[in-house]
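J.: Now for the letters of each chain:
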Amino acid sequence: MNAVLVYFARDMRRWIRGRFNVWSALIMPAAWLIFVGLALPTRFTDSYLDFIAPGILVLTMLSAGMQGGSSLIFDKILGFLNKFLALPSPREAILYGKILFTTVRGLLQASVIMLLAVLLGATIFTPSLVAFTYLVLFVFGALLSAFSTSLALFVQDHDGYAAVNALLSMPLFFTSSALMPYDVMPPWLAAIARYNPVSWAIDLIRSFAAPPVPWTSLLALVLLALAMGAVSSLLFRRVTV
Amino acid sequence: MATIEAAGLTRRFGELVAVDDLDLAVDHEVFGLLGPNGSGKTTTVLMLTTLLRPTSGTASVSGCDVVREAARVRERISYVPQDMAVDIKLSGRENVSFFAALYGVPGRDRVDEVLAIMDLAERADDLAGTYSGGMRRRLELAQALVHEPEALFLDEPTIGLDVAGRQAIWAHITELRRRGMTVFVTTHYMDEADHACDRVGVIAKGRLVAVDAPAVLRRQLGGERISLRVDLPATPVTVEGARLVRREDDELIYHADDAAETVPALLAGFAAAGVRVRGLEVAAPTLDDVFLALAGRQDEGGSFDYRRFRNLMRRR
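From first to last, the protein sequence lines are chains A and B. Just so you know, we're using the working numbering here: the first sequence kicks off at 1 and counts up by one. Just so you know, we're using the working numbering here: the second sequence kicks off at 1001 and counts up by one.
It cannot be assumed that every hint is accurate.
Per label pair, the in silico range of CB-to-CB distance [unchecked claim]: (1) S24(A) x D1191(B): 47 to 55 Å; (2) D1212(B) x A230(A): 50 to 58 Å; (3) L120(A) x N1037(B): 56 to 64 Å; (4) A1121(B) x W215(A): 51 to 59 Å; (5) L40(A) x P1106(B): 50 to 58 Å; (6) A162(A) x G1133(B): 23 to 31 Å; (7) V112(A) x P1106(B): 32 to 40 Å; (8) R19(A) x R1053(B): 40 to 48 Å; (9) E92(A) x P1106(B): 20 to 28 Å.
Listed next, the stretches of chain B that the computed footprint assigns to chain A, with coverage defined by at least 3 CB atoms under 8 Å from CB atoms of chain A [what the hints assert, rightly or not]: (10) 1081-1092; (11) 1096-1110.
Everything labelled a hint here was simulated from the structure, so no lab data went into it. Nothing here was measured: the structure is a model prediction, and the numbers come from that model. Each residue gets a CB set at the ideal place from its N, CA and C atoms; glycine is no exception.
Take these sequences, add in the hints, and give me the full structure.
T.: Right, dumping it as structure tokens:
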């Protein structure tokens, strides 16, 4: 556990000192909140900002999580990984450190976006909703980071990784319930959206403001995250020995 | 038992035998593994440092088997790959503290100590991004030394450094040996290996073809090295007792048992062929000559096979 935190602290330090990267990742979700959340004329809700904010928080986590693998890719390309693998600390700590770092980074970015949503006039964020949102985002973020770090084990260069990342992120977001409720979607989209884990995370946050909460979705996300974590450890062990 | 031991160590990548039946014992010395690109140097180091599983054969460090007791091997070694991987956004001290934490070395004293040993104490709190290449390499050595390893593995430690940087690195390596550490180095630079290594091993196409002190290998090659500068075009003449070992543009290098006899014959031969000889030098053979005689020029001829290289990298 100690080694996980050591790797985590290294990545955190490097990330925070990268100043530009810290802020640039926030531009896209902030733009969604401002230019879509405030501007889009909608008929199904009085406050589109309140509707879209959970979706944008999950989007923030989605991009942060999918970005997580690139950190591992660079460690691999630049020779850090080989140095770490020759250390006596448990090798899986490298992987868990990355997953933890990616998830926490996503939570920090989501916090800024949540603050921005409140400043723009979102009213749904009661203290208990904020706590629940963090829980959902943590589970969702762990799932994505485990997935993206596994992906990074197999992709050879950063270009390939960025391509796969772009290929997955956008469709996952647009086929979710982020931008509109199921009953305004065309039936084909609604059918896809109901099975998209991105929707599950968004629906969980929305439902907490307007119960009942679909606890089965939360359970499904937790199980998915655990399974993905197990797959990720297995792959990591196979690739590094 | 020697600190580093290998017996019948073999690694295959598909059809390619990267390391072939390697036997070796290295103990309290600076051992240099020399070989052309792709000869199996790095593969050997990766197996000894538990980063790659041998296909067959065994190896051990301080008596711990590199496969069955990999974790215990990793407690006793340090490995510095050639990539020069230090975190440029962390200070020198942070880079070393990070490794100290992973090795389970408590406190700041040891970190300060290794930084001082590597002459980095004054710049310890500057970001490693402001360090020169030589300083970054010394920082990596500081990281590697923080847990007082029994064996240190260095892959091309002086690659890309200027002369002063190289000398500093070798001075540190020699000092570590003096304190009783076993240092296993791979290098391309023969003159550096000649000066700094107690023994060298020459590896060619995965096979270890010679292991001994550089001076012994040079003596074994024997004879003298005759280097002639000629006007081009020139066909090298053949003379009894002299063997053409190398040709670099207008420089022809012969190897002869007795230069006093063969030099006049060579000069006469070139005169008869109508080739003007502009310069002549007779010297004892260098480690370069030993290396080329043993390892040949493996790199020439076959082109660089990128697909095989990629597969190789993927499998490790």
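J.: Each hint: holds or not?
T.: Results of checking the hints against the structure:
For the pair S24(A) and D1191(B), the supplied restraint of 47 to 55 Å holds, since their beta-carbon distance comes to about 48 Å. At roughly 51 Å, the beta carbons of D1212(B) and A230(A) sit within the given window of 50 to 58 Å. Take L120(A) and N1037(B): their Cβ atoms lie about 59 Å apart, and the range 56 to 64 Å holds. For A1121(B) paired with W215(A), a C-beta distance near 58 Å keeps the hint of 51 to 59 Å intact.
Hint check: L40(A) to P1106(B), Cβ distance near 57 Å, so the stated range 50 to 58 Å holds. Separated by about 29 Å at the C-beta atoms, A162(A) and G1133(B) satisfy the suggested range of 23 to 31 Å. As the Cβ distance of V112(A) to P1106(B) is approximately 36 Å, the hint placing it in 32 to 40 Å holds. Between R19(A) and R1053(B) the beta carbon distance is about 42 Å. The supplied range of 40 to 48 Å therefore holds.
For the pair E92(A) and P1106(B), the supplied restraint of 20 to 28 Å holds, since their beta-carbon distance comes to about 23 Å. Beta-carbon proximity to chain A at under 8 Å applies to 8 residues in the stretch 1081-1092 of chain B; the threshold of 3 is reached and the given coverage holds. Interface restraint, the stretch 1096-1110 of chain B with chain A: holds (6 residues with C-beta to C-beta distance below 8 Å; minimum three).
Of the numbered hints given earlier, the model fails none.
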